[in-house]
Amino acid sequence: MTALFLDIVTTSAILFIVAAGLMIILGVMKLINFAHGAFLTVGGYSAYIVTDYGFSPWLTVPFAAFVGFVLGIAVERLVVRPLYSRPLDAILATWGLGIVITQIIVFAFGRGVQFAESPMSGTLEIFAVGYSAWRLTLVLVAVLLGVGLTALLYLTRFGLNARAVIMNEDLARGLGIDSVKVRVSTFGLGAALACGAGALITPLLSIDPNMGLPWLVNSFMLVLVSGVAIPGLALASLLLGGAQVVVSTFVSPILGGVTIVVFAAILLRIRPKGLFGG
Amino acid sequence: MADSYASSTARNRRRFWLVGLVGLIALTTVMIAPYFLDRYLVNVLIRALFLAVLAITVDLVWGFAGILTFGQSAFFGIGAYACALVATHYGFGPYWFFGAFLIGLAAAALTAWLVGVLSFYHGASPLYSSIITLALPIVLVQIIFAGGRFTGSSSGISGFPTYYWAVETWFVIAGVMLVVIGCFAWLFVRSDLGRILVAIRENEDRCAYLGIPVSRIKIALFTACGSIGAAAGFGYAAFTNVVAPELGGFLLGTESLIWVALGGRGTLIGPIFGAIGIDVTSSYLSGTLPFLWKFIVGVLFVIVIVLLPNGFASLVTGAWRKFGPKRRSADANDERASHSILLRPAPTVTRLGSNGEKPIIIEGLGCRYGSLSVLGDLSFEGRPGELLSIVGPNGAGKTTLMRCISNGSERTAGTVRIAGNEIAKRSPEKVVGLGVGRSFQNTSLFDSLTVGDCLRLSRYRIDGARLLRRTHHVALPKPALGILEATGLDKHLDQETRYLSHGQKRGLELAMVLATEPSVLLLDEPTAGLTKTERTAIGDVLLSLTNSYGLCVILIEHDLDFVRQISDRIVVLHEGRMVLDGSVEEVVSSDLVKSVYSGHAAEVA
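Those sequence lines, one after another, are chains A and B.
Everything in the first sequence is counted per the numbering used here, starting at 1 for the first residue and increasing by one.
Everything in the second sequence is counted per the numbering used here, starting at 1001 for the first residue and increasing by one.
Each hint should be verified, as a subset may be incorrect.
[To be verified] With a cut-off of at most 30 Å between alpha-carbon atoms, the simulated DSBU-like pairs for lysine-lysine come out as follows: (1) B:1491 x B:1478; (2) B:1358 x B:1430; (3) A:30 x B:1294; (4) B:1505 x B:1478; (5) B:1430 x B:1505; (6) B:1425 x A:273; (7) B:1430 x A:273; (8) A:181 x A:30.
If you are wondering where the hints come from, they were derived from the structure by calculation, not from laboratory data.
Produce the entire structure from the sequences given, and follow the hints as far as they go.
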């Protein structure tokens, strides 16, 4: 029972971390970034590079986030910027970008499976059950990330500008807010979060060129169900992540794999704007 | 009239001949090609031809109707598995084979219909259908995995009994299938119904308010394309003798989008060549340069989406226009002439209101969003031949009232009866059927359609639309014809609407709404942005609608002078409440109205 509870909490935390970057980009830019999966993969390989060169595994996440930020800024300039007025095309273009990134990774690292060193190993004793220490750490990371993003949006100048752009972009521009800059930084931040998330989940999985793909669809569904709000994403991750764990444990792991997708499709039919959508 | 009918059948016949001729050339090519190509290429091409059929369906759904679908591969997979499962587990023979084919088609059609019902409802965001089509192949693949030994799980099924015909035979089968479906698709997209698909892509909401059953058309299209996709998948499986979950997977779904995007969405021929070209090339390069090829396709895809949204087909047509033979311009004129539409008066119908019922009765209508009440307890009625103006300051709820009358799911309280029929929870297209016509505050038209196309599609509700033919005349009620004449639009029937002036657009929109033969006409600021003369012309038109044709016109207007000149009655709204309902004199002389419009000052005075 305790193990099940911990599974639900840690799975939800992982989903929250993985989906956060996609949500930031959708929230501010109204743009669905289908390269999100490839960004996660880039994060995974960044972690692999860091530990492969013998640096401390604790450096994997900052390094991956840095790589993601630079990558995000380049991608925004080259691919995303001409597509703001064509949101459905932006989905396709970022998907194509994901294919390109994946193939570049294949050129560089081959198709094989790699492993990155984990910053933490072993188990922690909690509620009289031994549980993976890294998964428990990720719960803490998810909470900090949620608080940090909320603070960024509501307590900083960038957040104020971003919220102005979300609500009324034309007016924001008229007030002298450089919406181009807001978008570049948002995409950079979203990509940094995605790559950072990729590095955070690598201790739990193997690294391969397609590792991001299964996460892409689930993140996409979670973000839409959330209604594109941080508390909404937390709730969506808990609900759907919880459902996934329960179905995988008690029914079948194969059906568990589609739980999030199916539940999201049903939830969105009932509440098209998501849990926290207006 | 007999003349126009004859010429229109002649044009249709010419189109059929053209399609027939191209089809014949393509068929001949298919028949002789396998004898000139090497064996490996023929094998590769057979698969590519089946995939090209799938590409046609993606182009119809995405390129023409504008539904971004990730899940067309699921239907391909259903067809393929129908072939493999029946042959493996039940039996094989001509009857079994044909039965399996029908099962595949039926299963795919049913799935597509369910997906369609789930995702195409009035007000659904275009993203939702994409989400569902994204979920579909993912769920299908998991079902195949869960099928264990029955479905062969992740390794699929191979070596099931099938017809081991010569590759030449298979090539002809695949080729004939592609040519036949391609030709039908070609006729279809050029038909009346095909134009309606484009209209739905451009402005779905406007279509609904013209009485076009958008959801039903989309569901029907999706169902038909689903079963065509299954037919292609069935052929693919029967030929290759291998099925694997990938055939129904999300990646094949996105790959089919890539073929269509690169070839040129909305062109049919582009996606066919896109699918064949990419699939054949990757078969050749997969041995030597597998990763590089995928990389190149990815890069091309991104570049095409960003810089060349209409794909490589647009390069060809662009070059043709620029460097093609000179007589092209003459051709263009010719084509224009052959496209032109003849207008003619529609037979006068007996109105719904003629059975003695009032055209519109509103009782206790209210509308609230959460705790915010936008409209409360509104009751009034409209009589035939009456011009009723609704005035009130900004934010009084005028446009919301229009929405509540024309869409059954908008209001939260009260009833609206049109000619005795309650609108209940009816969707906009059904409310149009009861006799409500609505024009919008912002002129909303279909940019890439011509004036004639717009008029024809507004007659869909009454005259229907041909599946494979283009009709070359459109019957319009007299008042609509009058407006077209007055604005000179009847001489620009082949003009695309985006080139019209603002005044002409308003005139066209009004004519389109009138073409649906409403008994109640809702007009939201029809004179906004018009010149003085245009305004007077619209006023005259409205007066003739009420006086000569007995329509009940409900008008929202800010220009009080205009309102005073033409109205029979005025309803004053203020903060969502009805303040006054009376004759022009009563309202004009009312102190209450003055205070509403000038705020506190008048109240104090």
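Right, here's what the structure says about each hint:
1. B:1491 x B:1478: 17 Å, holds
2. B:1358 x B:1430: Distance of about 19 Å is within 30 Å: holds.
3. A:30 x B:1294: Within the cut-off at roughly 29 Å; holds.
4. B:1505 x B:1478: 19 Å, holds
5. B:1430 x B:1505: At roughly 25 Å apart (the allowed maximum being 30 Å), residue 1505 of chain B and residue 1430 of chain B satisfy the hint.
6. B:1425 x A:273: 21 Å, holds
7. B:1430 x A:273: The given pair, whose Cα atoms are some 25 Å apart, holds under the 30 Å limit.
8. A:181 x A:30: Measuring from Cα to Cα gives roughly 15 Å; hence the hint holds.
Against the hints set out earlier in the document, no violation occurs for any number.
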